[in-house]
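S.K.: Here the protein sequences come in this chain order: P and W.
Per our numbering, the first sequence starts with residue 1, numbered consecutively.
Per our numbering, the second sequence starts with residue 67, numbered consecutively.
Keep in mind that the hints are not guaranteed to be accurate.
Dumping the calculated DSS-like pairs for lysine-lysine here, alpha-carbon to alpha-carbon at most 25 Å [claimed, not checked]:
no., chain 1, residue 1, chain 2, residue 2
1, P, Lys47, P, Lys9
2, P, Lys49, P, Lys9
3, W, Lys190, W, Lys297
4, W, Lys190, P, Lys9
5, W, Lys297, W, Lys276
6, W, Lys383, W, Lys209
7, W, Lys276, W, Lys264
8, W, Lys190, P, Lys47
9, W, Lys190, P, Lys49
Note that these hints are calculated values from the structure, not bench results.
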Amino acid sequence: MRVRVIAEKCQGHNRCFALAPELFDVDDLGNAHAIGDGVVPAHLVEKAKLAVANCPEFAITYTETM
Amino acid sequence: MTDTAQRPHDPIVRAVDDWQTDFDHAHPSYNENIYEIWDDLRETCPVAHSDRYGGVWLPVRHADISAIAYDTEHFSSEVVVVSNAPRNDNVESQAPVGGAPPITSDPPFHHDARRVLLPAFSPKVIDQWEPEIRRLCRELLDKIGDAPTFDAAIEYAQHIPVNVIARMIGLPLEDSDYFRETVHLVLEAVGAEFGARKDGFQKLDAYLSKHVQDHIDNPRDDLIGFLLNAKIYDQPLSPSHVTGTIVLLLVAGIDTTWSAIGSAIWHLAGHADDRHRLVADPSLMPMAIEEFLRAYAPVTMARMVIKDTEINGCPVKRLDAVLLPFPAANRDPEVFDDADEVHIDRQVNRHAAFGLGIHRCLGSNLARLELRVAVEEFLARFPDFELADADAVTWSLGQVRGPRKLPVRIVQRG
Numbered sequence: 001m002r003v004r005v006i007a008e009k010c011q012g013h014n015r016c017f018a019l020a021p022e023l024f025d026v027d028d029l030g031n032a033h034a035i036g037d038g039v040v041p042a043h044l045v046e047k048a049k050l051a052v053a054n055c056p057e058f059a060i061t062y063t064e065t066m
Numbered sequence: 067m068t069d070t071a072q073r074p075h076d077p078i079v080r081a082v083d084d085w086q087t088d089f090d091h092a093h094p095s096y097n098e099n100i101y102e103i104w105d106d107l108r109e110t111c112p113v114a115h116s117d118r119y120g121g122v123w124l125p126v127r128h129a130d131i132s133a134i135a136y137d138t139e140h141f142s143s144e145v146v147v148v149s150n151a152p153r154n155d156n157v158e159s160q161a162p163v164g165g166a167p168p169i170t171s172d173p174p175f176h177h178d179a180r181r182v183l184l185p186a187f188s189p190k191v192i193d194q195w196e197p198e199i200r201r202l203c204r205e206l207l208d209k210i211g212d213a214p215t216f217d218a219a220i221e222y223a224q225h226i227p228v229n230v231i232a233r234m235i236g237l238p239l240e241d242s243d244y245f246r247e248t249v250h251l252v253l254e255a256v257g258a259e260f261g262a263r264k265d266g267f268q269k270l271d272a273y274l275s276k277h278v279q280d281h282i283d284n285p286r287d288d289l290i291g292f293l294l295n296a297k298i299y300d301q302p303l304s305p306s307h308v309t310g311t312i313v314l315l316l317v318a319g320i321d322t323t324w325s326a327i328g329s330a331i332w333h334l335a336g337h338a339d340d341r342h343r344l345v346a347d348p349s350l351m352p353m354a355i356e357e358f359l360r361a362y363a364p365v366t367m368a369r370m371v372i373k374d375t376e377i378n379g380c381p382v383k384r385l386d387a388v389l390l391p392f393p394a395a396n397r398d399p400e401v402f403d404d405a406d407e408v409h410i411d412r413q414v415n416r417h418a419a420f421g422l423g424i425h426r427c428l429g430s431n432l433a434r435l436e437l438r439v440a441v442e443e444f445l446a447r448f449p450d451f452e453l454a455d456a457d458a459v460t461w462s463l464g465q466v467r468g469p470r471k472l473p474v475r476i477v478q479r480g
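Whole structure, please, built from the sequences with the hints as guidance.
M.R.: What follows is the structure, encoded as structure tokens:
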């Protein structure tokens, strides 16, 4: 599973960073991005899904394949 | 407000017989019955209209509200509070800046004015305020002391955001009564003739200009100092940009979070099961806070139509005002399961309490922090409490909804 933040859609609601700081970070403006290559380790899959399900802007995509 | 006395600019309120065709968002019965009104409109008339306030629309479905929020071509932020103030027919020349940038600004200026402020409100900067907010909450609870009953809105919720934002901006804490009066003037007294409110706006302008000048003479490390040092297009911000932004931070920073804290306490006072669950398992708190924000989102925004268009097939004309009730979007059963029920462990929660699109509430990180700390500290001090008199609870007027009187009785102390 891999997560990605679509920069054009992110408005800095900060839900992903609050819910899954292992997977997301925010810049100085408060806009989010996936950490590293966005690959989600098995033990963080639930957190990743939670982040996706709480983004008001539908700005996070995830793919099941690596 | 801390009292219900009629102020000079308070309007005489005309009764509403029909919420589909003659609604009044500042009528007391609107906020008192808001969820029933929205539920009814969602079923029968999802884009309501009223001739009051020079003509205003009220869409209540999530799909329509979000479509408008994302459509900056047809809908301008020139009008974010629907009042009897005259509409600016010359909007292209004044917008995209507006009176309180960036909330009143449109693209492309909006992006640049917002960018100036974003670093001051990013999560990592705001998180540093947590100890200070916690100290303030404990101080307020200490003052309440052993009182068996007290007003959680007046003695607790209303003091938290005003203290924090005044300190951040760099305005004297002892003026907090005046700030709340300003909020009333801007957000609640919207039905008054504009002329009756003008003195208040002029006084506010003079007050802020005085403090801006004081910051020019005696530079300080606060938000006024930050704005005075900020640049846009390599130029300092204009004086009216600086004072307009301070008005925004002051008004948006006080009433909204005060309302959110009050509504969360109101909910907990009436729901023993949620109180007990949160006390037993504090790890639920972040999810609970998001659910309170969804179910009791305080803020309805507004837009002004600048190009004729339609909302869900309903034609709207240039200079029409449109209310954007994000709290109604949050209760749309097409988007949320059990939309009218509060589940403090709700897992899927794409709520729009802080708006959608480019105007996402700049202070959302601060509001969330204040709300969470205020509820945590309240529950730590009073693990069990209930409404002392449900009939004595009163709600604010207009586009920001929250309890203004909230008498609670303490059942158990921590």
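S.K.: Would you pick out the hints that fail for this structure and give their numbers low to high?
M.R.: Number 6 - this is the single hint that the structure violates.
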